[in-house]
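Protein chains in written order, with the working numbering: chain A, 1297 to 1530; chain B, 25 to 273; chain C, 194 to 468.
Just so you know, the hints here were simulated from the structure itself, not pulled from any lab data.
These numbers were taken from a predicted model, which means no experiment stands behind them.
From the three backbone atoms N, C-alpha and C, an ideal C-beta is built for every residue, glycine too.
There's no promise every hint is true.
Claimed, not checked - Here are some chain C residues pointing at chain A (derived, C-beta under 8 Å):
#1 N230
#2 G257
#3 G266
#4 D267
#5 G366
#6 G368
#7 A371
#8 N374
#9 F393
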Amino acid sequence: MGEIGEAAATALRLLRSADPELFAIVALSLEVSLTATGLAAAIGLPLGALLAVARFPGRGALVLLVDAGLGLPPVVVGLLVYLLLSRAGPLGELGLLFTPTAMVIAQTILVTPIVAALARRAVADLLEDYHEHLTSLGLRPLAAVPVLLFDARYRLATACLAGFGRAAAEVGAILIVGGNIRDHTRTMTTAIALETSKGALEQALALGFVLILVVLAVNLAAAGLSTMARRIEG
Amino acid sequence: MIGRLTAARAEPGPLLPLEVEGLVVEAGGRRLLDGLSFTLRPQRCTVILGPNGAGKSLLLRVLHGLVPPDRGVLRWAEPDPDRRRLGQAFVFQKPVLLRRSVCGDLAVALAARDVPRRERRARIAEAVALAGLEGFERRAARSLSGGEQQRLALARAWALRPQLLFLDEPTASLDPAATRMVEAIVRDLAARGVTIVMSTHDLGQARRLAEEVLFLYGGRLVEAGDAGTFFAHPASVAARAFLEGELLA
Amino acid sequence: MRVAAIFGLILAWGATAFAAEGSRGTLLLASTTSAENSGLLAHLLPRFEAASGIRVKVVAVGTGQALKLGERGDADLLLLHDPPNEAAFLARGFGLERREVMANDFVLVGPRADPAGIRGGRDAVAALAAIAARKAPFLSRGDESGTHALERALWRRAGIDPTRAGGWYRETGSGMGATLNTAAGLAAYTLADRASWVTFRNRRDLEILVEGDPALLNVYSLVLVSPIRHPHVRIAEARAFADWLGGPEGQAAIAAFAIDGRPLFRPIARPPGGS
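Just chain A, same shape as in the assembly (with noise of 0.2 Å):
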């Protein structure tokens, strides 16, 4: 316990001084994390919604595919995009390994299917309920995406959030597609490895609760926005 304490009280010096270098870390990590999760949900909500209200053909494999997505090991993701950025492969000459873009890349790979598989399931659940007055206003379900969308904002809201918690804690795909290059693609969570494998458990610690910490304040907005929604729509 004693630990434990003396990391809590070291991310709050750590807080408290304001240290540039933290702040680009947690900057970055933000940044990246935020990014990866904007583009899985632009890619994530409407095929989610496609997969929930569509019947065509392999629709039963393209569920099974982004259901099994959830479970994408981030090290084999990462890996998967260092193959393609390296210089040695088919996207190298882009020169986007050891940079935040591929970090946002790897991420957003990691984040889409949650985003997805949750949007499906929020607009089936949805459709359950709406099909029968959809179909009797003349709505093909095709054309009642944008509504079943809307609808479903909370529960879709409630996706991009877990795509973003995902995203924020992960480490061992940005590991290997960023690099941990100091003051260019050092995040929370590579920080917190590097400090680990520094045997600074306390330092590491630290900034795990400072990361606890960003996670937590960026839930809190979600929510606040949520409940600001909630009160316009009266």
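Assemble the complex: chain A is given as a structure, and chains B and C must be docked to it using the hints.
Relative to chain A, chains B and C alone:
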């Protein structure tokens, strides 16, 4: 956005009369609707009467095109199915309301039916007034009370300007006061020339509203015809038992 | 329509927000973890960057992975400590040249209780033989790192194949830090480079038991990735860094790097023209 995704439609011609012949719906080897034949005439309030499990809701869904029949013919005056749908609306026993405000819910229905944007505002105001929900326009539709929700669903159906309105046990879960308000709206709509087809197992309600009766029992159409005649002189044993409260309603 | 617009905006932002910075004046160095984790590079790089205007980005990995990065053209310059594999890398045409820049030593660490009784010895091979004889727990990096390569060479010299020896020999498959963390937890012996050991802070019961054997010499070299294989490699910047680190300024900076008043690396670059 929604409107543009659906095909542009012309106004439907008269839907009714509808002649139904030999209608059969089966499930799991059981006949849920067993050889129904009858005619729906325009401008009347037809009540489908019968105990639970008689097939009342199913019949409404088949007539509205939500469930395809296994056998039988439905001969409508309007041959085009898309136009036919435009002339109909359906109110479910448990109202399906969107996760939006009262106005938002109404707006989606109007947009889905390609009601021109400039006309929607007036129709929404009219529907809100019909449901007696003035001042609740911005409230979340699903936060309304049961009676208010059912009134909103009725008003929403009216906003679509149907020739033919299906009501599936619209007051089944409402208290007497809410039931009276819903019945008042139904009478109001009938007075505006809407053909009403509703199911109920509430005898009192049937007596108050029905001009025509279809009495279903065990998936069969046992009696059909003028409401006054039906209530005064039921021809079948089942109908007599039902009217005397001996069949479980 | 609106959805498509938002989608496009997010895509555009994602693509531009992190547009790769201008490649001129930067250099990607794949370094063995000990040089980075000990703080040596943090000590050296600002000095080099001030002198040259070249920004060095460091990816700290094991020597095996660093060699792989060089082979695929993902790094411009490698800082390693595995002479045999470095020679092989050059022989296969992936490296342009290799310069020895500094050295220190490996140490054999283990639990204070020292069940194999190796404390104070100066013969690493004999110490390993004693550990094997007692079947005392030993942790191997098992990750193709420089440390792992030397450890295997020592076992070979002891005439023992520990991978077939049973449960006392375990491979962590991890970096030096993770392996030391595990050794501390399991009270096991392990081989560590001195820089990682000195800067490691979770020692618990572990201490140095054997050191000073010439076989434990740890030589660090810079290897320039060949621009013949990978034309995009920033050879000018890589050479500038190698020249600086091997030159008087860099060598002095290496010598000046100390932890708790004790230097961690010994500069060993031969004077220019001396090769």
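Go through the numbered hints given earlier and state which of them the structure violates, listing their numbers in rising order.
-> 2, 5
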